[in-house]
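Add chain B to chain A, keeping to what the hints say.
Number of protein chains: 2
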Amino acid sequence: MFKDHYFLKRKTLPPCTLLLAPSNVAWLTGFDSAYLLIGKDEDYLMVPELEYERAKESVPWINVIKTRRRMLPIKEVKELCNNEPMMADLKYLDFNTAIRLITDLGAGDVSNMVKEERMKKDEYEVKMIKRALEMSEKAFLETWNELKEGMSELEAAGLLEYKMREMGATWFAFPTIVAFGKNSSKPHAVPGKNVFDKGKIALFDFGAKCGPYNSDITRTYVPDKRPYVEWMDAVLEAINAALKVLKPGVKGSEVDGVAREVIKEYGFGDAFVHGLGHGVGIDIHEPPYLAPSYDLPVPMGAVVTVEPGVYFPGEGGVRVEQLVYVNAKPLVLNSTNVVWW
Amino acid sequence: MFKDHYFLKRKTLPPCTLLLAPSNVAWLTGFDSAYLLIGKDEDYLMVPELEYERAKESVPWINVIKTRRRMLPIKEVKELCNNEPMMADLKYLDFNTAIRLITDLGAGDVSNMVKEERMKKDEYEVKMIKRALEMSEKAFLETWNELKEGMSELEAAGLLEYKMREMGATWFAFPTIVAFGKNSSKPHAVPGKNVFDKGKIALFDFGAKCGPYNSDITRTYVPDKRPYVEWMDAVLEAINAALKVLKPGVKGSEVDGVAREVIKEYGFGDAFVHGLGHGVGIDIHEPPYLAPSYDLPVPMGAVVTVEPGVYFPGEGGVRVEQLVYVNAKPLVLNSTNVVWW
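In order, the protein sequence lines correspond to chains A and B. Counting from 1, one number per residue, gives the positions in the first sequence under the numbering used here. Counting from 1001, one number per residue, gives the positions in the second sequence under the numbering used here.
Be aware that a few hints might be false.
[Claimed, not checked] Which stretches of chain B does chain A cover? Using the computed rule of at least three CB atoms under 8 Å from a CB of chain A, they are:
{"hint": "1", "stretch": "1001-1010"}
{"hint": "2", "stretch": "1170-1177"}
[To be verified] Listing some non-contacts, in silico: residues in chain A with all C-beta distances to chain B over 10 Å:
{"hint": "3", "residue": "Pro-48"}
{"hint": "4", "residue": "Leu-80"}
{"hint": "5", "residue": "Trp-171"}
{"hint": "6", "residue": "Glu-237"}
{"hint": "7", "residue": "Leu-243"}
Hint data in this document are derived by calculation from the structure and do not stem from the laboratory. Owing to the predicted nature of the structure, the values given are computational and were not obtained by experimental measurement. Ideal Cβ placement from N, Cα and C applies to all residues, glycine included.
Isolated chain A (complex conformation) (with noise of 0.2 Å):
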């Protein structure tokens, strides 16, 4: 239940605290068009009127109040908190609105407490990005099954899409990707009228969104000859060999490392143009990341992509993407029957 979930993380967090950033409202509560006030005793989430009858339905446990849109809710929150001092999500937002805050009501940055918790996934959040990796995997499949020569990169990127509002989508976690042949080498291709042909190269990379959680996943089609075939080995390698190191407490970095020192044996090691993974949750992108640069720890119950690729300007690319839970004994969230060359 989101309301255990919302009880659980809001402990970790002081009271009178105004929470604006819509990621760490939904992060809370699953709504994101709203401010959070954690208060000493009672909560409140406020809402513009046109999200009134929504917010009472999906968060019931909290006090629903209306207040005026695009406005900060400066004057509610001093009533509210007794004019005690504040602490808000400021890293978060604009530059106009954080200095509001801080001239207005004093606040404090609460912004690095919020991301270190936001970053350890409890139990139903775990459920919650599984259950989107499992709806854009059943659409994946029967897309597959579904997908002919001659059919355009936007006709299978809609056809994907169709099926995961079909499996309960609420969303989608970003902009599809389907790149057929040279438009793979591309890591943030467009699909357009590029068409399937099994003589050549098929990415896809999506995910459905569950209620604010996402998920992402990628998958490859590479014909079955050179150079495309070693392309996928060295990527499916790294993958392997980054899973051995992905446990709680290792270096973003130091798992990065692992996947493209593999990459570079096979003597790609320029092809591998972005960095190993991200976390995932309600943002699609999130702390912590697999990257060169990041050599914070990996906390245990982060849920991070594993999603290395090789890319050839004018020729194509291959990127596979696993869903990892990083707990004590880490796990890979996909699925074993979703398709896999």
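For chain B alone, kept in the frame of chain A given last:
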């Protein structure tokens, strides 16, 4: 051509301007995963390595240089601008980033200038928005023809999205709203398991993206009975009244007020729980606003929604949304042949 739009709008900003907010960079270049430096002579698009190929292809008229991902290009900018005084889009940025630009680059704020210029759509921008709207309308016509009693909100949303993709949508403007029956009383309803029934309301609010440009349209089917037809009459009359006063220079609050007055006369004043409209462009909600608190003029060239609605919790709601280009003679961008009840 995006290039012509670029050089037209680029001139409105001072030299040595750094744009970091994705929507501002996308506004000028069509590309959002980059920073843009408007130099004295040359301009530079700064991208992480993984975006390099895509950026070179998308924005061939600007120098594309690689920078480190998730790092501010302070050193590069200082060098490229010979340590001259800089401007940046500070108000669009998060607190930390803005503070660093002020501290390390002595950056002044160009946000208001950008905001003003983004409101005034040029010919190319209006064409892109209209194209996005046409995709949405065609997709809706087909979806409406295929909609059957018993089909769920999620299925209908998926079908509509699929068809927008078939029409060439590069993505969606926002999470599609499909609300059947009582669910339509929530202005931002999330599609779920409610099924279509010709005896009940069916509300659709959705939009395709064409490149970086958004469209926004709402259509509501009401069964031919009271009070639904009265709700619809009120909403349609409010649109017509608003369109009569929506001209360059009119205050946003005035247009909202005219529509609100009509709905009050019908006795539904308390049920119109949101502003009348908002600007649409690179962002799906952007200035100017047609709302009670927006006392600024609507500039010539703005593209705004006109979308009155009435909502009755537990019963249902009606909203209809047109997209209007505020030219010397304001122009409704919607086709006349799209389903209209």
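Structure-based check of all given hints:
1. With 0 residues carrying a beta carbon less than 8 Å from a beta carbon of chain A, the stretch 1001-1010 of chain B misses the three-residue requirement, and the given coverage is violated.
2. Counting residues of the stretch 1170-1177 of chain B whose CB falls under 8 Å from any CB of chain A gives 3; the rule of at least 3 is met.
3. Non-interface status of A/Pro-48 relative to chain B is broken: a Cβ of that chain comes within 10 Å, the nearest being about 8 Å off.
4. No beta-carbon of chain B is positioned within 10 Å of the beta-carbon of A/Leu-80; the least distance is around 23 Å.
5. Remark: the non-interface label on A/Trp-171 conflicts with the geometry, its nearest Cβ contact in chain B lying 4 Å away (cut-off 10 Å).
6. With 10 Å as the threshold on Cβ separation, the claim that A/Glu-237 sits away from chain B holds: the shortest Cβ distance comes to roughly 21 Å.
7. A/Leu-243, annotated as away from the interface, keeps every beta carbon of chain B farther than 10 Å; the closest lies near 22 Å.
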